[in-house]
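J.: Here are the chains, one letter per residue:
Number of protein chains: 2
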Amino acid sequence: MAGLFVLRLGHRPARDKRITTHVCLVARAFGASGAYIAGVRDDSIRLTLEKIVGTWGGPFSVEHLPNPLGFIREWKRKGGKVVHLTMYGLPLRQRAREISSLGEDVLIVVGSEKVPREYFQVADYNVSVGPQPHSEVAALAILLDRLTNGAWEEREFEGAKARILPSEKGKAVQQLR
Amino acid sequence: MAGLFVLRLGHRPARDKRITTHVCLVARAFGASGAYIAGVRDDSIRLTLEKIVGTWGGPFSVEHLPNPLGFIREWKRKGGKVVHLTMYGLPLRQRAREISSLGEDVLIVVGSEKVPREYFQVADYNVSVGPQPHSEVAALAILLDRLTNGAWEEREFEGAKARILPSEKGKAVQQLR
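Residue numbers (our numbering), protein chains in the order written: chain A, -4 to 172; chain B, -4 to 172.
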């Protein structure tokens, strides 16, 4: 894959602020380059991620999308591929290798409550991380883990001001600049 | 491991309802037998999980804990082991095999905001799913994935009323009884 991006659908600030924030944090930590958020505009998510990037490094971008379906169609017209995470889709283990070996940018679409049928239609892959109800945050982490072959465990971020030194019992943070 | 259980610390109903619900749903979907929730009592989480178990199967239990530190000490006294998920801990890849091969019940402790120092001290393992800020929901999913060696992909639940039939484009649900 050339680059990995995440599109979060249907954000509602009151109800979804923390889940959408977790979606973006997971996208960054597990190897995506940026997130697009559709639904009600909520700049607080972008500001939170900018703070995280300021301290722990990047790059990672967050952008509001007024027209997600149009964006996806344009993404595909430019040659990008689209993976839609849904508990109704085909098992990840059946599709992970094929998706990993794509040469194009991959957009991972993550729903909130009910995802309209058009997204199932427009996606190149409807993929499930288990056929059970759980969490878009968890599903995204597992998908990115499989697509990057666990590369998040060693990932270095650019421009970090701080870095954690793993420890057995405490909290150790190294200031870098 | 004999059995896997999750302890969610510091639940605050207004702020954490959805994240704690996702923690419990992930615990169930990825192979834990139950969750304990500490913090402010909030029966809505248990009721949500009972509904999920009613439709999609179990077993999975949710219980409120008034005294989590006392509960952990008692857990250890009975021979159980404790894994605390924290971005400050030792990398999962260094500890996953050792934890998987434990013969005892394992309690996975998942914090919310600031976790008091006592939990770092009492844990047998402080483990990080990457040294980056992201999400306790994602960290739990990846830990359970590693500890169960991906067994969630094939897991069958007991007493399910419905089952998803994986599909390429749509939503197919089979009613079982």
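Hints may be right or wrong, so weigh each one.
Same chains, same names: a pair is fine if it fits in one copy or spans any two.
What the hints assert, rightly or not - Capping the alpha-carbon separation at 25 Å, the derived lysine-lysine pairs in PhoX-like fashion look like this:
1) Lys156 <-> Lys109
2) Lys109 <-> Lys76
3) Lys73 <-> Lys12
4) Lys166 <-> Lys46
5) Lys71 <-> Lys164
6) Lys76 <-> Lys12
7) Lys156 <-> Lys166
8) Lys156 <-> Lys71
9) Lys109 <-> Lys12
10) Lys164 <-> Lys109
11) Lys156 <-> Lys46
12) Lys71 <-> Lys166
13) Lys73 <-> Lys166
14) Lys73 <-> Lys46
15) Lys71 <-> Lys109
16) Lys156 <-> Lys73
17) Lys166 <-> Lys76
18) Lys76 <-> Lys46
19) Lys109 <-> Lys166
20) Lys164 <-> Lys73
21) Lys12 <-> Lys166
22) Lys76 <-> Lys164
23) Lys156 <-> Lys76
24) Lys109 <-> Lys46
Quick caveat, the hints were computed from the structure, so don't treat them as lab data.
J.: Would you mind marking each hint as holding or not holding in the structure?
T.: Checked hints:
no.	hint	result
1	Lys156 <-> Lys109	between (39 Å within a copy, 21 Å between copies)
2	Lys109 <-> Lys76	within (22 Å within a copy, 39 Å between copies)
3	Lys73 <-> Lys12	neither (31 Å within a copy, 40 Å between copies)
4	Lys166 <-> Lys46	within (20 Å within a copy, 39 Å between copies)
5	Lys71 <-> Lys164	between (48 Å within a copy, 17 Å between copies)
6	Lys76 <-> Lys12	neither (27 Å within a copy, 34 Å between copies)
7	Lys156 <-> Lys166	within (16 Å within a copy, 45 Å between copies)
8	Lys156 <-> Lys71	neither (37 Å within a copy, 38 Å between copies)
9	Lys109 <-> Lys12	both (17 Å within a copy, 19 Å between copies)
10	Lys164 <-> Lys109	between (42 Å within a copy, 15 Å between copies)
11	Lys156 <-> Lys46	within (11 Å within a copy, 45 Å between copies)
12	Lys71 <-> Lys166	between (44 Å within a copy, 23 Å between copies)
13	Lys73 <-> Lys166	neither (45 Å within a copy, 28 Å between copies)
14	Lys73 <-> Lys46	neither (31 Å within a copy, 43 Å between copies)
15	Lys71 <-> Lys109	within (23 Å within a copy, 42 Å between copies)
16	Lys156 <-> Lys73	neither (36 Å within a copy, 43 Å between copies)
17	Lys166 <-> Lys76	between (40 Å within a copy, 21 Å between copies)
18	Lys76 <-> Lys46	neither (30 Å within a copy, 36 Å between copies)
19	Lys109 <-> Lys166	between (40 Å within a copy, 12 Å between copies)
20	Lys164 <-> Lys73	between (49 Å within a copy, 22 Å between copies)
21	Lys12 <-> Lys166	neither (27 Å within a copy, 27 Å between copies)
22	Lys76 <-> Lys164	between (43 Å within a copy, 15 Å between copies)
23	Lys156 <-> Lys76	neither (34 Å within a copy, 35 Å between copies)
24	Lys109 <-> Lys46	between (31 Å within a copy, 18 Å between copies)
Comparing the model with each earlier hint shows violations of hints 3, 6, 8, 13, 14, 16, 18, 21, 23; every other hint is respected.
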